[in-house]
Amino acid sequence: MKQQSGMVGKRRQVDFQIIADWVAPGDRILDLGCGRGVLIEYLMQKKGAYGVGVDVDFDKILSCVKRSVPAYQGDAQKVLNCFDEGSFDRVIFSRTVEQLSHPDAIMSDALRVGKRVTVGFVNHGFWLNRLNFLKTGNRIHNEVYPNEWYESAPSNAFSVDEFEKWCARRSIQIHHRVYLGGDWRKRCRNLPNLFAGYAIYDLGRGVQGEGGVA
Amino acid sequence: MNDSELIDSNPTEGGEVGLIEFQDFVSDAVFTFESGDTIPRMTIRYETYGHLNKAADNTILICHALSGDHHCAGVYRITDRKPGWWNHMVGPGKPIDTSRYFVICSNCLGGCQGSTGPGSINPETGKRYNLDFPELTVADMVNAQARLLDHLGVGRLHAIIGGSMGGMQALQWIISYPERVGRYLALATGARHTAQAIAFNDTGRQAIITDPEWKNGAYESGEGPAHGLAVARMMAHITYLSDKGMENKFGRSRRSRPLQEGGRFDVEFEVESYLRYQGQSFVNRFDPNTYLYFTKALDHFDLYGPDNRLDDAFSVVQAEGLVVGFTSDWLYPPQGNREIVEAMLRLGKRATYAELSMDFGHDSFLVHAPELYELITRFLDR
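Residue numbers (the working numbering), protein chains in the order written: chain E, 1 to 214; chain C, 1001 to 1382.
It cannot be assumed that every hint is accurate.
[To be verified] Computed spacing ranges between beta-carbons, pair by pair: (1) E/Ser101 x C/His1051: 47 to 57 Å; (2) C/Ala1056 x E/Ser101: 48 to 58 Å; (3) E/Glu162 x C/Thr1194: 20 to 30 Å.
[As the list claims (entries may be wrong)] Where chain E lies over chain C, by a calculated footprint (3+ residues, C-beta under 8 Å): (4) 1245-1251; (5) 1342-1348; (6) 1370-1382.
[Said to hold, decoys possible] Distance condition first, Cα-Cα at most 30 Å in a straight line; then the derived BS3-like pairs of lysine-lysine: (7) C/Lys1349 x E/Lys47; (8) C/Lys1296 x E/Lys66; (9) C/Lys1054 x E/Lys78.
In short, the hints are calculated from the structure, not lab data.
Where a beta carbon is used, it is the ideal one built from N, C-alpha and C, also for glycine.
All chains, full assembly: derive it from the sequences and hints.
Dropping the structure here:
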């Protein structure tokens, strides 16, 4: 995850607010891929949440310590293993899912550990990405995708449609979905797979009788 | 541990605590051990740096490791070759900032560097305690420290800090005196020994007790199982390093001088020379019986409950914590450090786990590394 600065930093304020809207005061929050702890710090301040960040990188943990954000240096999957069912009110993946080695297993386990799961991700189906690829045949290169392929970590980009299909397949209940336009600020109301730049989902465990979480 | 030779003693930013003196707290009240046994009187040797503020809320207690002592910063004389064992971490402007904090470091109960231990005279018999000294636990060490704090007028600690055995004491502190600790910093430690750690300790103990000079612990002052203790120390010292660290430091370098009295088995490689020196110098400053008591106390220490989880033991904890593991530490591996924080987080307590990639093995926590320096500064500072 990139350090938030400038335009991206301002963009993030909107998704932080949306994520915070789904958090009840005093909630226990686990942020997987917490980076420098900015989101947890925000939720602790705005909602009086008890938050814990998880990141693999020592420098990120150091930043969390500076912010007084409790943090755990380690692997997202392994840390989920050590928590009982429903240990947290909410598990958050904010621009993290793209980088998970086993997204299905890890998100399913997050739905065990968390009563709810928030997933925020860049919609790879956004029209500019499509147009760009049609015109140039190259990966898009912009603020959201700042690096060339040869200098980026492996990233598993996916679209709103593909995410919805995963939710349906695993019978995951979608409590809320919010789409932001290409500016990541204004709401996007129509054809989100085409026009949403960023998507945020509030997920819950599958309802009994609908198959549950496979 | 406490081997500044391995340690990069680069001068650091920040000032020095400079010349200091140790002090002795003599408690004439009976001290009762966890076992129920008692000693009529107890001396705890300690040093302090910085000043207690009016609110008496700026105290940091540093707990030393197995072979460490109360001398963690400064020098006794200007001509001292080495400063205290954590001098790079403790001082004005350093992470444990003595211009802000009142820092205490005391020699453990059961020790041999000024505090009452097996080598002390039993006032009831006029002779050394030796093996009559009561069975010792980490909780006993902590209870003795608490009595020292009472004496110094310190109710609540801003922080408790320790690595290795010191980290175990920090964990015991937050359980035994939850209301007296604001935060804890535990480095390269664990809530119990692994089988491997116990195995190494027992090998060391066997080296001591099979030395004829041990005499069932009843040796006189100035005598004792010097060979056994030296071998125990050599073996233990290997466990404080890492294979990579040793390779980097010694490789296969040989000493230049020819073999001497030991013939073909005399010191040949630099690593042999180093370990033998460590063994010898340890004999000069450490009591073999204390070594037996301390290692047993550590082997017995176990905060895991019957369900193999730490949750029960930590349920009383109020302090906020930071636990630091080191990737190359094979004596107190990262997993044992991690499990402490995992239990705290399960219990909804504020705790952080950080892991540093360093090649110095278990002794990494004693090494001056910028990342560790920064981490401890930030944790204590906020």
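Violations among the numbered hints: 3, 4, 8, 9
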